[in-house]
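Engineer: One-letter residues, chain by chain:
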Amino acid sequence: MLFSSLEFLVLFMPLVLVVALRLRGQPLLRWIALASVVFYAFAGHWWFIVPMLATTMVDYWVAIYIEQERRPGPRAWLLALSLAGNLGMLAYFKYSGLFVRTAEQGLALLGLDVPTATVRWFEVVLPAGISFYTFQTLSYIIDVWRGHTPAVRNFVQFAGFVSFFPHLVAGPLTRHHQLVPQLGRIAETGIDPRWRAGIMLFSIGLAKKVLIADRLGNLIDPLLGGPLELDAARAWLALLGYAFQIYFDFSGYSDMAIGLGRLFGIELPQNFNSPYKAVSPSDFWRRWHMTLSFWLRDYLYITLGGNRCSPARRRFNLMATMVLGGLWHGANWTFAAWGTWHGALLVLHQSLPSWERLSGVWQRNLTFLLVTLGWVFFRAESFTQGGQWFACLAGAHGVTAPWTTETLALAALVVGCLAIVRACPNSLELPLDRLGAVPQIGLAAATATSVLLMNYGSKFLYFQF
Amino acid sequence: MFGATVALLLAVVVAVNSLAAWDRLTHERRVRAAAVQLQPGQALLGYRDSDERRFQQARLEVVPRPRVVAFGSSRIMSASTAMLGVGSGEFYNAGLSGGTVEDFIVLWSVLERRGALPDTVVLAIDNWEFNRMHPQLRWLEWADEVSRFVDAGAASRAPFARALGPAMYRWYQLKELLSYSVFKASLSELRRLSRGRPRRGAEIFESLRRDLVPESDVAGRRALRADGSIMYERAYVDQTAEQVRSEAVRYAASFRGNLGDFQWDAERATRLELLWSDMRARGVRVVAYLPPYHPAAWAVLSRDPRNAAAVRATATFMTRLADRTGARFANFTDPASIPCVEEEFLDGSHSRDSCVERSLRRLLD
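Residue numbers (the numbering used here), protein chains in the order written: chain C, 103 to 567; chain Z, 52 to 416.
Please note that a few of the clues may not be correct.
With a straight-line cut-off of 25 Å between C-alpha atoms, the simulated SDA-like cross-links for lysine to any residue are [what the hints assert, rightly or not]:
#1 226(Z) x 80(Z)
#2 379(C) x 468(C)
#3 226(Z) x 111(C)
#4 226(Z) x 104(C)
#5 226(Z) x 554(C)
#6 235(Z) x 81(Z)
#7 226(Z) x 110(C)
#8 235(Z) x 108(C)
#9 235(Z) x 198(Z)
#10 235(Z) x 507(C)
#11 235(Z) x 321(C)
#12 226(Z) x 246(Z)
#13 235(Z) x 379(C)
#14 235(Z) x 222(Z)
#15 235(Z) x 548(C)
#16 379(C) x 524(C)
#17 235(Z) x 524(C)
Quick caveat, the hints were computed from the structure, so don't treat them as lab data.
So here's chain C without its partners, still in its complex pose:
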């Protein structure tokens, strides 16, 4: 079930909210957990709930045992058990296909075959959102093991933390300290919805997704569908269009998730802070998919040694974090290349004191250009396609060709998007509780149009991660 579907807006959400408003205490938490499981069952295949429930149960008990256990050895074993379970599940569902494909290609070079039966065993459907909830429970277990947080003793509350449907499938990647206390509070006091702020933010997210991201996708996909032989102008338009598509798609989803959270009286963490206004690669990662960036910083980069080590080691830590962060996004080596690209940008930025001497405008434009070039790796289905795209960008197939209506529409959308991301405030900065009549009517018209267009809409790009 998608947020941008009538099933969700007309049936699921009103029913869940109406019942939730009448409940308190454990029944309220049970209802939220149940609703989340039902939501997830309709997110693709019903069996998606099985690995999620397994993770929830295992990590709930492991955390309690870790807290009870004082001896370091058994505590480490319990941590290892949770890590192996979570990462093993992620490895099987998400990466086994990649590893088998890679092994197959490697063996083929040696003239050997992988048995078809073996390959089929690893052709599994990726449960939506598995990367998100796995990382959430991992951070929880690690924090309990580090002694930073007590174990949650209320199973339903813990299940609500893992599965709370607004953030379940595509984030924001919410930490236990951000959600568990809020669930405890609403259980005590009942739900106190922030109606206006929630609905308005949801509507903004819906419009971002349906009116901008999906329109861009419809114009870009045909350009990138066949063998890439685009003239430079189209290749750049496709690239810029994709840069905006992925931003409006994912930030739109995040806005919707945060808006929905507000309807339950819960504030989910911010996930985007106008990333295309960033003035450096480091600044970009403080603004783009912030909850993942902070997770990677806290649980990977710092664990590897962070900044408190030699410059060479620090560069290695940065590269390793970004490569793994890239792979988190998808089971394809192109994602690792995307992570490497960003790792290299971060390392270069740290090693270039002259960057700070550039004017703000240059810093912003250069950052945008470098980030946008990186999207080639993210969007390309293979290195061959990525290479073809770079060749097109460089003008290998001419600079420009006669423009069609679609190309002009794409150009207009790209210019419009550029104006929005540079000139408009972030949606979380808008005074949604006290919008004037004209903006309200404008947003209402955008919402109504989105509802009409979303009927048979596409999926969110980040669902695949």
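Please arrange chain Z on chain C, whose structure you already have, making use of the hints.
Structural biologist: Relative to the frame of chain C, chain Z by itself:
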């Protein structure tokens, strides 16, 4: 202010779509009533002026439950009741010119809704259907129906959803009241009517009222039988073998025939899988095949490794799908595999009755 504006705008859309839906339902009732008039032994002439898709949809609404139904492109359209050796009314040919998976979905949905499921479905699949680079737009006129099936198929993967089938169908109908594409179509249809022009699809109604003749009176003209199968015009059937051969070679090199630009259309493949699984889940026997090419066309196509790779991709997918769903599949792309000879073809991709009959018998035996 915000809520009232959203509600007002959506209410206008629902009102326009409801009005157009009411008009469409009235029209469809009239077409169905006319479609009943086509009886066994009769043929519909001049159907080229009609909307073939809407004709088949209307016929499937009214024919008695067939035991065997064929879906496919024009390459299966000549398959008839006599060819299969079954009783009158036991076979229906739902083939269409340029028919694609999406068309099969909509026509299958009609049988599903009526509870008139056949025992056996024959699917004639063309290689070009899975070519993403091959523009196929005809099915888009019922894109909403296709989306409804695909969405419902996805939803039906959830537990208990299948039991809710009829309710889900109603829900998807209601959803269309809030669909932009339906809204656009409704506005255009209402505009036509307000200008006094005939509504879209009116020609089927007229054709069914005007152009019905006994099969014996067809006299070498192109016509459709009551079982949906086609009777080709004399000029097409009477071509010499040389004429057919040169046409076949030309076809193999043409945009439509050539598969050199083949890129796998995963979306269409998923739709076929969904349709096929739905049929199997309802206990229907599915037999599918890739129809044969004219030997000269096949020689040209198979010489080019890109064409051969395209045929292989389709056949591999179909074989796996058949294995997964317990269906039967045969790759007859190479005419020698049936076998059919040059004289049994009408052009590069359409075979004569004898070849079609042999293919079907091999599949169904």
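Engineer: Work down the list of hints and note, for each, if the structure agrees.
Structural biologist: Verification of the supplied hints:
Distance hint between residue 226(Z) and residue 80(Z) is fulfilled; the C-alpha atoms sit about 22 Å from each other, no more than 25 Å. Note on residue 379(C) and residue 468(C): the hinted pairing holds, with a Cα-Cα distance of about 11 Å set against a maximum of 25 Å. Simply put, residue 226(Z) and residue 111(C) have alpha-carbon atoms about 12 Å apart, close enough for the 25 Å limit, and the pair holds. Among the hinted pairs, residue 226(Z) with residue 104(C) is consistent with the structure: their alpha-carbon atoms are about 15 Å apart, no more than 25 Å.
As the CA atoms of residue 226(Z) and residue 554(C) are separated by approximately 10 Å, the hinted pair is consistent with the 25 Å bound. For the proposed pair residue 235(Z) and residue 81(Z), the alpha carbon gap of about 24 Å is at most 25 Å, so the pair holds. Between residue 226(Z) and residue 110(C) the alpha-carbon distance is near 12 Å, which keeps this suggested pair within the 25 Å criterion. Note on residue 235(Z) and residue 108(C): the hinted pairing holds, with a Cα-Cα distance of about 19 Å set against a maximum of 25 Å.
Restraint check for residue 235(Z) and residue 198(Z): satisfied, since their Cα atoms lie roughly 17 Å apart, inside the 25 Å limit. With a CA separation close to 20 Å, the supplied pair residue 235(Z) and residue 507(C) stays within the 25 Å bound. Taking the CA atoms of residue 235(Z) and residue 321(C), the gap is near 20 Å; set against the 25 Å cutoff, the hint holds. As the CA atoms of residue 226(Z) and residue 246(Z) are separated by approximately 28 Å, the hinted pair breaks the 25 Å bound.
For the proposed pair residue 235(Z) and residue 379(C), the alpha carbon gap of about 38 Å is over 25 Å, so the pair is violated. This hinted pair checks out: residue 235(Z) and residue 222(Z) have alpha carbons roughly 20 Å apart, not beyond 25 Å. Restraint check for residue 235(Z) and residue 548(C): satisfied, since their Cα atoms lie roughly 17 Å apart, inside the 25 Å limit. Simply put, residue 379(C) and residue 524(C) have alpha-carbon atoms about 6 Å apart, close enough for the 25 Å limit, and the pair holds.
Restraint check for residue 235(Z) and residue 524(C): not satisfied, since their Cα atoms lie roughly 34 Å apart, outside the 25 Å limit.
Violated hints for the displayed structure, listed by number in ascending order: 12, 13 and 17.
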